[in-house]
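Asks: Listed below are the residues making up each chain.
6 protein chains.
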Amino acid sequence: MGVVVQNIERTDKQLAEGLGASGVATVHEAQGRKGLLASYMRPIYPGARIGGTAVTISVPPGDNYMVHAAIEQCQDGDILVIAPTSPCEDGYFGDLLATSAQARGVKGLIIDAGVRDVRDLQEMGFPVWSKRVFAQGTIKASLGSVNVPVVCAGAYILPGDVIVADDDGVCVVSRQEAADVLEKARKREANEEDKRQRLAGGELGLDMYGFRQKLTDMGLKWI
Amino acid sequence: MGVVVQNIERTDKQLAEGLGASGVATVHEAQGRKGLLASYMRPIYPGARIGGTAVTISVPPGDNYMVHAAIEQCQDGDILVIAPTSPCEDGYFGDLLATSAQARGVKGLIIDAGVRDVRDLQEMGFPVWSKRVFAQGTIKASLGSVNVPVVCAGAYILPGDVIVADDDGVCVVSRQEAADVLEKARKREANEEDKRQRLAGGELGLDMYGFRQKLTDMGLKWI
Amino acid sequence: MGVVVQNIERTDKQLAEGLGASGVATVHEAQGRKGLLASYMRPIYPGARIGGTAVTISVPPGDNYMVHAAIEQCQDGDILVIAPTSPCEDGYFGDLLATSAQARGVKGLIIDAGVRDVRDLQEMGFPVWSKRVFAQGTIKASLGSVNVPVVCAGAYILPGDVIVADDDGVCVVSRQEAADVLEKARKREANEEDKRQRLAGGELGLDMYGFRQKLTDMGLKWI
Amino acid sequence: MGVVVQNIERTDKQLAEGLGASGVATVHEAQGRKGLLASYMRPIYPGARIGGTAVTISVPPGDNYMVHAAIEQCQDGDILVIAPTSPCEDGYFGDLLATSAQARGVKGLIIDAGVRDVRDLQEMGFPVWSKRVFAQGTIKASLGSVNVPVVCAGAYILPGDVIVADDDGVCVVSRQEAADVLEKARKREANEEDKRQRLAGGELGLDMYGFRQKLTDMGLKWI
Amino acid sequence: MGVVVQNIERTDKQLAEGLGASGVATVHEAQGRKGLLASYMRPIYPGARIGGTAVTISVPPGDNYMVHAAIEQCQDGDILVIAPTSPCEDGYFGDLLATSAQARGVKGLIIDAGVRDVRDLQEMGFPVWSKRVFAQGTIKASLGSVNVPVVCAGAYILPGDVIVADDDGVCVVSRQEAADVLEKARKREANEEDKRQRLAGGELGLDMYGFRQKLTDMGLKWI
Amino acid sequence: MGVVVQNIERTDKQLAEGLGASGVATVHEAQGRKGLLASYMRPIYPGARIGGTAVTISVPPGDNYMVHAAIEQCQDGDILVIAPTSPCEDGYFGDLLATSAQARGVKGLIIDAGVRDVRDLQEMGFPVWSKRVFAQGTIKASLGSVNVPVVCAGAYILPGDVIVADDDGVCVVSRQEAADVLEKARKREANEEDKRQRLAGGELGLDMYGFRQKLTDMGLKWI
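Protein chains in written order, with the working numbering: chain L, 847 to 1069; chain X, 847 to 1069; chain F, 847 to 1069; chain U, 847 to 1069; chain E, 847 to 1069; chain D, 847 to 1069.
A couple of the hints might just be wrong.
It does not matter which identical chain is used: a pair holds within one copy or between any two.
Unchecked claim - DSS-like cross-link-like pairs, simulated, lysine-lysine; straight-line CA separation at most 27 Å:
id: 1; residue 1: Lys-1067; residue 2: Lys-1030
id: 2; residue 1: Lys-986; residue 2: Lys-1041
id: 3; residue 1: Lys-1030; residue 2: Lys-986
id: 4; residue 1: Lys-986; residue 2: Lys-880
Hints in this document: simulated from the structure, not taken from any laboratory. Bear in mind the structure is a predicted one, so any value in this text is a computation, not a measurement.
Between the sequences and the hints, there should be enough to build the whole structure, so can you do that?
Replies: Structure, rendered in structure tokens:
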């Protein structure tokens, strides 16, 4: 522990933003239903939808010293990802850190712990997905690391990976797969639009997808 | 397992809508404080208030095949009720299924599991009460049943029962009791309005309800 | 059990309101990071921010008889604090009690249990911080006490203490320390404003706080 | 609420005991994977395995008055099933009630709430499956009902149904299906014994069940 | 923060041991059903039953520095009570600290966090009631306090109060009330022995306690 | 998804067993407090302590098809590690699978889901650390993968890594670091034995570790 990795390879910014525009549910499907963070990761206010590149921070429980070190490593289009080394719900992050992060172009925060000053964060337009909202402060006494691999809310995240977050939750896309996943996500969206119109017109999924026959073959009885 | 019951007896639509207008807290009181679903069932957006007739779906964990079969059974004024056979927080339902359900007149969804595309659902005006918001997808591999009795979030629900849901949660009213409960609910409302005005005027519940004497008799000391 | 303490010493109303204006995160820091209620205490609607003096209620599980007795003890600027003697999520409090409380000048409710009629409460502008939203009703069968010390959501609260609550949660400030904490809170706010501007201008916390040297001395490696 | 149903039809005692001997996992499989209570229902001590007929009790939260009324309805081979009408973890049941129940031939208790005196209960050989161990006492102030249908830990249970409980948890078998389920359970056991010996001898399930070909057909790659 | 109170008034040792012998359920009832710690406080091994005087420790999350300072303050018959200032499940305490505590006559540990080396602790006969078993280590970087009032698992505990702990959980008895509570506890025990024998002989609680008439008067129907 | 990696590099068996003998708490400290699985991973019976090499299985929720494929990949000294792709508490594993695994020399199972037949598993001496004990069965319908990297209960695990598990929980040690960690673990143990004897003799940690001066310098007051 105790390193700050300064040069990381980031996913292309256009890709990250494109994935952000597709949204979590679509991206998650497009990459084969992997990369989702735990369902307890909730937005502090509704309506935000972002895609960006991860700057990861491994922090001790109740200690936010390394968050300050991480902000220097951020650039336009990044998303901070904070993972404590043991379970913690303290409020590592508030409006001052958000002000600093926003000044460097950071688009939001993903934290497997607590956050505070949530009203200010909403007014600033700085979205956060967190395990808790909690005013409990942290100390600055121990080292952690910046831009190392982390497990955050059950997902393995490398620095430079794409983070997609919206009202459905948070998903990570690996840098290597981002272009491919974006292409698949866009195909899904195009495909879904057609289905949506047919379903809105009253056509049944049972018929449109051919499920009626398959279910009958499996033994389903209509009684 | 593996049946779709096609002809169910539904509670009268007017009754269901009337109960919906009374709201969960009033209906729950009016029927003797029973029928409430667990408190973890929360609306995906605030402000919705519905009453309708249950189309129930018993589903395997992580498998939403039967939801497609259920939509064909729906008619105007119905509410979908999805109960997995073992605990699951996967996102069984999203905007495409909601589009299809809405096209058939379904008023909303109650699901003891996860839901996704919540921003789209809010924009469509399709309310959902769920255990989780989670983008995790489901498969289509196993049978379940439609319009069978289910236990959903701790409440026993029969197809055709009335579901009432608002910001306070979700409540079920049995088909047999719906008319009686609606009558009692309306009496409560009339009665409450009078009390509300007296309380707003500064009268104390201690006096209005005669509690002061009773509490003193029970031994309460004012010191 | 079974007492209503009628004459309590309240913190000065100006102090309580001043602390409310500073907000939970600032007050909690200003008093040395103590007094915070558990993170599961959440507001029923966003945006409320209050400071007031505690009228405490120790209640049996599932029984709200004493809440009626407590309202008589309330005066302008008070905040109700309800703590059950064993864990409970029933809805002790709804719009009628809120109407009565509001008529006496009560600013809101803190309850380590459930609340209902939340839509009405929002429309009335009566904020509540609770463990649950749950329509489950309570009975009136047993005594409890009003204005005795309670443990509410993990915090020890005396009648007359200051309660501060906003979107970040709930914090208690003891009557004896309120003036001192308010002074410290205001200093923090003044101090933070300056920092906020420097951070917004792009200055790094690493430099502004002198962390860079300290972290290096502790062994942090930039690689 | 407020009834004691005195004459219930019980499943045949031999059937109940036979199902108890088969155990929860086998019975649950034999009846098509239904009837399991939630996984939070745990035994207060390891090693107990029982099968018996349900005497059900619907109780208010924190009130054990009806448990006393229920014991009179018990006979040899029964199992008490206690379900509160709203979530509660109070200790409804201790060594005195167990002494009384045991004197009437009751084999154990299933309770979706708390239990206490667990050391005494273990010494008496009176097994309990509960949501919590908790010394919190209850009151005797309100009515409930005995031998009515209940939802207990997510399972719908009728009086006279068979309860099977062991270290794996708790399962209910309906009276109508008990004989059929027992027969299927016994077939499973006979069948499993043969499989166990082949697996113990080193034969692979992949081969024994013919899974290797099926998995390959589904696209599984060995690399 | 940052004080060690060296001279505390302890409850008389005989009283504490007497209360320990009565056990948690009896003591909790005898003192009017108060003082119970949360039900998540579980023993690391079954069968221990202790009563002793509290040496309290308020600790930062993830930092066990003050536990070392506390051990010096312990004497024969004490029980350590550790309460973190924000929720934490780290393992503050293991076999080395237990060895040191045991050498000073400490009878056990109550901790609203984690503990580790549980197999060693069992072999040493050093019982612990904790929120978690977790090997996660702690640091030694920040001050806390010894022998100050704490809220531990929802109960307010002063140094020198009596702690009673057994398989049913943990209860605190205030120093001032200990003698009175012990007397009441012993009366309960004497009284219970008589009841136990009558119940074991088949007499019903319904009759023995006179509940049959009361329940009938309340409206209970036997059908 | 859908691969079985057949040739993995395993950590040396002696190293794995040596780490197992050191135990979770020691190994976790020795490797710098990382690699611990979540505290909800508990042994199904007390007293087991194992060290072995991971055969990892990524499974769909509620589907144990791939466990059968994994057993063929096991050899003497391995430990199975099962991680579902979304949260699940179903019982993926019981006595038949354990029989088969044990026949191939597998030492135990780590599963971030449920397990059943726990009494049989204890009798067989096949230890399991799991999130739940739950009899709920699984299906065999979908592919997963064997010997791919997984996140299990919050820890990132590669096939061939060392798993250490005992009553304190579960820890992973990477193959590359195993030799170094074992050496450090043994040094800790030697060092601890000396400390244990001094502490048992009554020497205080405050003095033995030199904490008294440091705490005083930090501002701790003895009063």
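Asks: Evaluate each hint against the coordinates.
Replies: How the hints compare with the structure:
1. Lys-1067 x Lys-1030: So Lys-1067 and Lys-1030 pass the 27 Å test across copies only (23 Å; inside, 36 Å).
2. Lys-986 x Lys-1041: Classified as between: cross-chain Cα gap 18 Å, same-chain 53 Å, threshold 27 Å.
3. Lys-1030 x Lys-986: between (43 Å within a copy, 20 Å between copies)
4. Lys-986 x Lys-880: Answer is between; shortest inter-copy Cα gap is 17 Å, intra-copy 35 Å.
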